[in-house]
Amino acid sequence: MRKLLFILLLFFFTPPIYADYIDGPANMREKPSGQLLLNLDNGARIDWDTYYENWYFISLKVTIKDEDVTDSKIIKKGAIIYDFITDNRIGTTLTDIKPVDIIKLSNNSGYYSCTINCYTYKKNIVREKRKIIESIEFDFNFDGKKDLLSIGVENDWVPGGDPGDYFYVSIKINGESEFELGHIYEWIKYEDYLTSHSEKMIPYVKNNNLLKSPYIFLKTIEKPSIKQSLLFLTGHPYASSPGSLMVIFINNLNSVPEIIFNEEEFSLSEIMDVKDNSNFQIIGRKSYSQGFGCDENGLNKIYCSSYDPYSVYELVMVNNDTSFKINYDLSKKYNEINYCGWEGIDSSEDIYVVRFEDGRKCQVMKEEEFNKVFKKQF
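Heads up: the sequence shown at position 108 corresponds to 108 in my numbering, and the numbers run straight through without jumps.
In case anyone wonders, no lab produced these hints; they're calculated from the structure.
Among these hints, one or two may not hold up.
Quick list of in silico lysine-lysine cross-link-like pairs, DSSO-like style, CA-CA up to 27 Å [to be verified]:
1) Lys189 to Lys200
2) Lys77 to Lys129
3) Lys73 to Lys98
4) Lys189 to Lys325
5) Lys361 to Lys301
6) Lys122 to Lys172
7) Lys61 to Lys77
8) Lys219 to Lys332
9) Lys31 to Lys145
10) Lys123 to Lys145
11) Lys206 to Lys146
12) Lys212 to Lys200
13) Lys129 to Lys146
14) Lys227 to Lys206
15) Lys172 to Lys98
16) Lys172 to Lys131
17) Lys219 to Lys286
18) Lys189 to Lys131
19) Lys61 to Lys200
20) Lys129 to Lys73
21) Lys206 to Lys301
22) Lys361 to Lys333
23) Lys333 to Lys286
24) Lys325 to Lys200
25) Lys332 to Lys361
26) Lys76 to Lys65
27) Lys172 to Lys31
28) Lys212 to Lys146
29) Lys200 to Lys219
30) Lys104 to Lys122
31) Lys146 to Lys172
32) Lys200 to Lys104
33) Lys122 to Lys31
34) Lys61 to Lys73
35) Lys61 to Lys104
36) Lys129 to Lys61
37) Lys122 to Lys61
38) Lys372 to Lys332
39) Lys122 to Lys77
Use the sequences and the hints to build the structure in full.
The following block contains the structure:
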């Protein structure tokens with residue numbers, strides 16, 4: 001019965017195909033060798049996010065009965081957890097847990113949905129066979145030795161069947177510990193991702209991709225003090241989503257691959273290379289604009305849409321911690337030049353973008369100002 005409550009949610013994304021399962025019961029921990037959080041049942045089908053140095057990181061999407069959640073949104077010890085997609089029981093909690101993104105499904109459903117982030121040791125997961133579709137050698141950490149990047153699918157995967165062009169990524173530095181991305185991600189060739197919203201980027205990526213691969217784009221940045229490899233992975237667009245973007249970072253100071261950018265919805269528009277003392281930048285939008293009909297003095301020669309600004313992310317390093325951070329000043333400047341104006345970094349359906357066919361510069365207008373001049377038609 002609860003599955004009926006999920007129909008609208010499931011419409012907006014493709015349910016994962018659970019490739020692996022628990023050999024257990026198996027303990028899930030707060031961090032590697034850390035506090036016990038929950039116990040997953042033997043045979044429970046799951047997808048894992050990443051694997052490194054014998055530990056899997058898993059972001060479990062689950063549902064919990066109302067009675068097992070406190071008023072402060074804490075999941076009680078001993079609660080039964082159910083898989084969000086299949087509705088099957090998959091385990092029980094071993095302590096009180098503060099989950100991520102907990103939401104009451106409806107006033108009368110009797111359930112909450114949430115994400116529980118946890119780790120489990122390698123022996124607790126049985127993995128289905130994989131098929132490698134591309135292997136590439138490259139010196140990602142600039143030590144003069146070839147490292148290995150492998151891209152794979154499930155053994156029974158059929159092109160054009162399941163969404164996505166590849167599901168597994170493995171990076172082995174110096175033949176040592178392997179870093180892997182699991183089937184929770186469904187990646188596509190970067191050209192297909194860019195075709196949906198930024199075709200002008202395709203020649204740049206093709207000409208600058210050091211891997212010469214149709215799947216993953218590699219950009220390196222070399223400064224006197226540090227050398228960096230950035231691997232760009234792209235997910236498929238669907239419905240009103242522009243697709244996902246992930247960036248994996250490796251440098252010559254720390255050879256451990258690290259995810260430094262991971263947006264489920266991101267339309268990559270431009271890459272700004274390092275010049276002089278500037279930082280490497282990626283520019284894009286987190287949503288597509290929603291258009292609607294409007295007119296000016298009875299003349300239908302304008303086009304109106306929601307406000308969906310560009311964000312400028314800079315690659316910055318602070319105390320050896322590298323990440324992409326939004327630069328608000330650069331974002332404001334970029335939107336004033338390349339968009340129709342600036343009303344903050346967040347998208348909004350209460351702020352309108354108005355474009356004119358008669359050559360006037362497009363404008364960004366708040367709803368009150370818009371209503372004085374234009375008429376919105378639904």
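Practice problem: Output the numbers, in ascending order, of every earlier hint that fails for this structure. | Solution: 2, 9, 10, 15, 19, 20, 21, 30 and 32
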